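Novice: Generate coordinates for the entire structure from the input sequences, incorporating the hints supplied.
Numbering of the first sequence is given in our numbering, commencing with residue 1 and proceeding in unit increments.
Everything labelled a hint here was simulated from the structure, so no lab data went into it.
Among the hints, a few may not be true.
Claimed, not checked - Each pair of labels, with its calculated beta carbon distance range:
no., residue 1, residue 2, range
1, Gln743, Lys796, 19 to 29 Å
2, Ser264, Ser101, 48 to 58 Å
3, Lys364, Glu11, 35 to 45 Å
Said to hold, decoys possible - Straight-line Cα separation of at most 30 Å, DSS-like style, residue types lysine-lysine; simulated pairs:
no., residue 1, residue 2
4, Lys349, Lys336
5, Lys8, Lys873
6, Lys550, Lys155
7, Lys8, Lys626
8, Lys870, Lys796
9, Lys840, Lys707
10, Lys354, Lys340
All values reported here derive from a predicted model rather than from experimental measurement.
Quick reminder that beta carbons are idealized off the backbone N, C-alpha and C, glycines included.
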Amino acid sequence: MALRQLEKTYEPKQVEERWYRFWIDQGYFRASTDRSETPYTIVIPPPNITGSLHVGHALNNSLQDILIRWRRMQGRNTLWMPGTDHAGIATQNVVERQLMSEGSTREALGRDAFIKRVWDWKAQSGGTIIQQLKRLGASCDWDRLRFTMDEGLSKAVREVFVRLHEEGLIYRGERLINWCPRCLTALSDIEVEHEDQPGKLYHIRYPLADDPATFLVVATTRPETLLGDTAVAVHPEDPRHAALIGKSVRLPLTGREIPIVGDSILVDREFGTGAVKITPAHDFNDFEAGERHRLPRLTILDHQARLDPVGLRAALVDREIIEAVELLRVNQARPKIEQKLQERGLLVKVEAHKMALGKCYRCKTVVEPYLSPQWFVKIKPLAEPAIKAVEDGRVRLIPEAWTNNYLGWMRDIKDWCISRQIWWGHQIPAWYCRSCNVDAILETAHEGMATTEAQALPKASRKRITILSNAAPLVSRTAPTRCPACGGNDFFQDPDVLDTWFSSALWPFSTLGWPEQTPELKTFYPTSTLVTGLDILFFWVARMIMMGLKFTGEVPFRDVYIHALVRDAEGQKMSKSKGNVIDPLSVMDRYGTDALRFTLASMASPGRDIKLAEERIEGYRNFANKIWNAARFILMHLDGPRDPVPLKERSFADRWIMSRLNHTIGAVNTSLEQYRFDQAASQLYQFIWHEYCDWYLELAKPSLQDKESSEANRTRRTLLESFETLLRLLHPFMPFISEEIWQTVPHEGDSIVTQPYPSPTPDRESKDAEASFATLEQFVTTVRTGRALLNYQPGKKITLYGAAVREDHFASLQQLRPSIEHLSRGTVHLTAIETWPTDKVLRLVTEGISTGLAVEGEVDFESLLQKIQKQHKDNQQETKRLEGKLGNVEFTSKAPPEVIQEHRDRVRTLQQESRLLDSSERQLRTMMPAKD
RNA sequence: GGGCGGAUAGCUCAGUCGGGAGGGAGAGCGCUGCCCUUACAAGGCAGAGGUCACAGGUUCGAUCCCUGUUCCGCCUACCA
Numbered sequence: 001m002a003l004r005q006l007e008k009t010y011e012p013k014q015v016e017e018r019w020y021r022f023w024i025d026q027g028y029f030r031a032s033t034d035r036s037e038t039p040y041t042i043v044i045p046p047p048n049i050t051g052s053l054h055v056g057h058a059l060n061n062s063l064q065d066i067l068i069r070w071r072r073m074q075g076r077n078t079l080w081m082p083g084t085d086h087a088g089i090a091t092q093n094v095v096e097r098q099l100m101s102e103g104s105t106r107e108a109l110g111r112d113a114f115i116k117r118v119w120d121w122k123a124q125s126g127g128t129i130i131q132q133l134k135r136l137g138a139s140c141d142w143d144r145l146r147f148t149m150d151e152g153l154s155k156a157v158r159e160v161f162v163r164l165h166e167e168g169l170i171y172r173g174e175r176l177i178n179w180c181p182r183c184l185t186a187l188s189d190i191e192v193e194h195e196d197q198p199g200k201l202y203h204i205r206y207p208l209a210d211d212p213a214t215f216l217v218v219a220t221t222r223p224e225t226l227l228g229d230t231a232v233a234v235h236p237e238d239p240r241h242a243a244l245i246g247k248s249v250r251l252p253l254t255g256r257e258i259p260i261v262g263d264s265i266l267v268d269r270e271f272g273t274g275a276v277k278i279t280p281a282h283d284f285n286d287f288e289a290g291e292r293h294r295l296p297r298l299t300i301l302d303h304q305a306r307l308d309p310v311g312l313r314a315a316l317v318d319r320e321i322i323e324a325v326e327l328l329r330v331n332q333a334r335p336k337i338e339q340k341l342q343e344r345g346l347l348v349k350v351e352a353h354k355m356a357l358g359k360c361y362r363c364k365t366v367v368e369p370y371l372s373p374q375w376f377v378k379i380k381p382l383a384e385p386a387i388k389a390v391e392d393g394r395v396r397l398i399p400e401a402w403t404n405n406y407l408g409w410m411r412d413i414k415d416w417c418i419s420r421q422i423w424w425g426h427q428i429p430a431w432y433c434r435s436c437n438v439d440a441i442l443e444t445a446h447e448g449m450a451t452t453e454a455q456a457l458p459k460a461s462r463k464r465i466t467i468l469s470n471a472a473p474l475v476s477r478t479a480p481t482r483c484p485a486c487g488g489n490d491f492f493q494d495p496d497v498l499d500t501w502f503s504s505a506l507w508p509f510s511t512l513g514w515p516e517q518t519p520e521l522k523t524f525y526p527t528s529t530l531v532t533g534l535d536i537l538f539f540w541v542a543r544m545i546m547m548g549l550k551f552t553g554e555v556p557f558r559d560v561y562i563h564a565l566v567r568d569a570e571g572q573k574m575s576k577s578k579g580n581v582i583d584p585l586s587v588m589d590r591y592g593t594d595a596l597r598f599t600l601a602s603m604a605s606p607g608r609d610i611k612l613a614e615e616r617i618e619g620y621r622n623f624a625n626k627i628w629n630a631a632r633f634i635l636m637h638l639d640g641p642r643d644p645v646p647l648k649e650r651s652f653a654d655r656w657i658m659s660r661l662n663h664t665i666g667a668v669n670t671s672l673e674q675y676r677f678d679q680a681a682s683q684l685y686q687f688i689w690h691e692y693c694d695w696y697l698e699l700a701k702p703s704l705q706d707k708e709s710s711e712a713n714r715t716r717r718t719l720l721e722s723f724e725t726l727l728r729l730l731h732p733f734m735p736f737i738s739e740e741i742w743q744t745v746p747h748e749g750d751s752i753v754t755q756p757y758p759s760p761t762p763d764r765e766s767k768d769a770e771a772s773f774a775t776l777e778q779f780v781t782t783v784r785t786g787r788a789l790l791n792y793q794p795g796k797k798i799t800l801y802g803a804a805v806r807e808d809h810f811a812s813l814q815q816l817r818p819s820i821e822h823l824s825r826g827t828v829h830l831t832a833i834e835t836w837p838t839d840k841v842l843r844l845v846t847e848g849i850s851t852g853l854a855v856e857g858e859v860d861f862e863s864l865l866q867k868i869q870k871q872h873k874d875n876q877q878e879t880k881r882l883e884g885k886l887g888n889v890e891f892t893s894k895a896p897p898e899v900i901q902e903h904r905d906r907v908r909t910l911q912q913e914s915r916l917l918d919s920s921e922r923q924l925r926t927m928m929p930a931k932d
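Specialist: In structure tokens form, the structure reads like this:
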């Protein structure tokens, strides 16, 4: 039969497209609820619909695909559930930018039209990343593609919200929250990134009310907020200030007097001057201190973090100051305040001070603590079971090192602010009866405005609605029709939407149809493994565990594999502004998808960031090409009978490679069980290149070239068996090339995708063949070293001599003589060293195996001599070291006998080698042309 | 401030815990030399290159176990 021949180099591009289409057409990635096999489920970390594939996605999804393809081939009923995330703030930003370029705004469009516009955008551009995942070879069940804003998932969101509210685990209240003055929305604590920055510490004099010549000096990094101070705190046990408690100070730049309070929580006596200003409306600590001392809260910043004239007037700020700073952003107002304090002689000093500034994780704008009514999840009762699940191992974090990190965070968790003042997202299922909440619903300039700010606005400028914290919401799965209190039917839905992570937290079960008890949910939940990056451990993983336990009573997944961050070759974070981004799409174009996947897998060592350099990818592109050429070779030699013969009756080389293959199969499976993608990849690489190609294919050549021999039949048989198995072993890592080649070699079945994954079997083992191989390799390598030393052409046939210290090694050499002669390109005489010619032979030795090479032609005796002398010297040093140990009574009396015996054996071998090197050296000298 | 991780060849990293043993130090890439030998120059063969961060301790023996130090990352935190 004539087999298809392959091109000389592997061309990934058309191969990839062709097979991916085939796999989809055949429906190989479809999961079923009717199958009886053990399910294996992964839910994808849903990428953001505004996103496009970056190298982090490529890593994340390559690893998931490796797991999924591996389990699928093992016969599991696998489901890889794909989907995307609606990314509230990010997506709204994208569409708003689009509107802006058209000279419009979302306000001009109105809420409903805007949301429609986002859906239109999604229909057009939101599928990009899905297409890119397909290019990566991701074997997701695409028929089940989900989106967090789908009707089903939205229903799950409402269900969860209502139930949590019913249990008192969701509440609404006016709190200080993190506010992004650019996105104009609240953020949760973890959406704020902290970064150390150089700042200044201002020391400011606050004159005592009853003794204006005396000052209390406070230290602050934010002097402009003093306008909203409502107290000054000192430590009650601080002898410098304790007596002042109960008195008042005149607040600089204002007409107010504020009290001095004693507070041991807020004040650190060691820091600054030991006196702290309290601004309850603009600082988290001060907010709490304000609650402790029942202080008023004065809001002086507006929603854009500008000094708000209304608030400033309410805070009795001097007219002159108001005029100087009104509507300035904090960073612009600060120098003005500094200047005014200076002018009035109230500024003692300004010193450099590093401080951690909070920034919006989406837009990097400095966030402001902002007082406003928001929705919160009371998180402690949800966190407790989620802590327990990890503590008792129902959820495993891999690498384990992250467990403590997780537990620490969960034990110290704070209530979660879930309302966002944007339009794109799940609108909160809470309604307000207009007649019952007449005083609590205010028309304001914008949503989410602080209470005082909203109340202070003139009616005319109120465009939208703010719902004060005393409003009474009706939380319900559907819009209410009748107010239970007054019977009215005029309702107003809360305009806020939920944090995107609120819906993501439900992902493992909402995608499977929850709250319905669907067959999917019954079959595939709890899921098996979650593969994710460390950066969303708290954002997402922790919340999924909490919600999963709460609403299904079970953990959402058993294993959480946390992979590293991908950095550039210098270890820098990749970012568009630095221009050091490696674009996976371009990499796939140039090197092939398999090369990219294999690179990422091989570098996924636990607990270490990945420094990705393009040369690595190129290296694995070469690996793909190596496999390709091995396939070409095999296809060239497969013609002819290849009947099954028991392994025992096959050649040494056949038994050896099958034994090594078996070892590799075991190692790859074990590595995958442990999520050691790096180990699995290097085992495959090592075996395929350095055992299969370098040695086995070379060993197989003689018999393959003699087509008529019975040996050829057995070799062809082994060649096919081993290679076909190898392709299956490789497939999860390099799906495309493995399919392409597999389809060209004789096989059963329609696609490698659904073939069984190799598992180790004892009958492939052959310890004796492995031992013989070690001897052969030693001999052949030594001969090659000698050839290089003698400058012989690779093809030159030479006369060789061989001997071994150990009987069994010598026996192996005799038995494998044809192979040895083939690989050494020479005629080998296996006899005792004493019988070797005493002239014109270069003698070399390693590990007790001696080789002699006939010396002909021009030879660089000097370098030969150096080589021999160096080895001789190393040899003697090692002998001395070992003899020293063996002469030490401490060692011989306490070390285990095996170790002592091993040392003795090594000394003996070294001594024999030494004798050979001696004679070799002497001979060389006789061969050397006389000097002078 | 707290917690965690890392330091092994020029570069990137395995190896140490537990089936790679506490006893002779590995890989990939790069580098050097030779070779276009009919699977592969995206290749073959050979080679050079390491006080396993530093200082102590345990041990007959430490890259590995223990303690401390230095440097580098990351996470986390209300030091105004």
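Novice: All hints are to be evaluated individually against the structure, with a verdict given for each.
Specialist: Right, here's what the structure says about each hint:
For the pair Gln743 and Lys796, the supplied restraint of 19 to 29 Å is violated, since their beta-carbon distance comes to about 41 Å. Take Ser264 and Ser101: their Cβ atoms lie about 55 Å apart, and the range 48 to 58 Å holds. In this structure the supplied range 35 to 45 Å holds for Lys364 paired with Glu11, their Cβ-Cβ distance being about 43 Å. The hinted pair formed by Lys349 and Lys336 meets the criterion: a straight-line CA distance of about 16 Å does not exceed 30 Å.
Under the criterion of a C-alpha separation no larger than 30 Å, the hint pairing Lys8 with Lys873 is inconsistent with the structure, at around 47 Å. Using a Cα cut-off of 30 Å, the hinted pair Lys550 and Lys155 holds, with the two alpha carbons roughly 17 Å apart. For a cut-off of 30 Å, the pair hint linking Lys8 to Lys626 stands: about 11 Å separates their Cα positions. Taking the CA atoms of Lys870 and Lys796, the gap is about 27 Å. The hint holds against a cut of 30 Å.
For a cut-off of 30 Å, the pair hint linking Lys840 to Lys707 is broken: about 38 Å separates their Cα positions. Taking the CA atoms of Lys354 and Lys340, the gap is near 24 Å; set against the 30 Å cutoff, the hint holds.
Checked against the numbered hints given earlier, this structure breaks hints 1, 5, 9; the rest are met.
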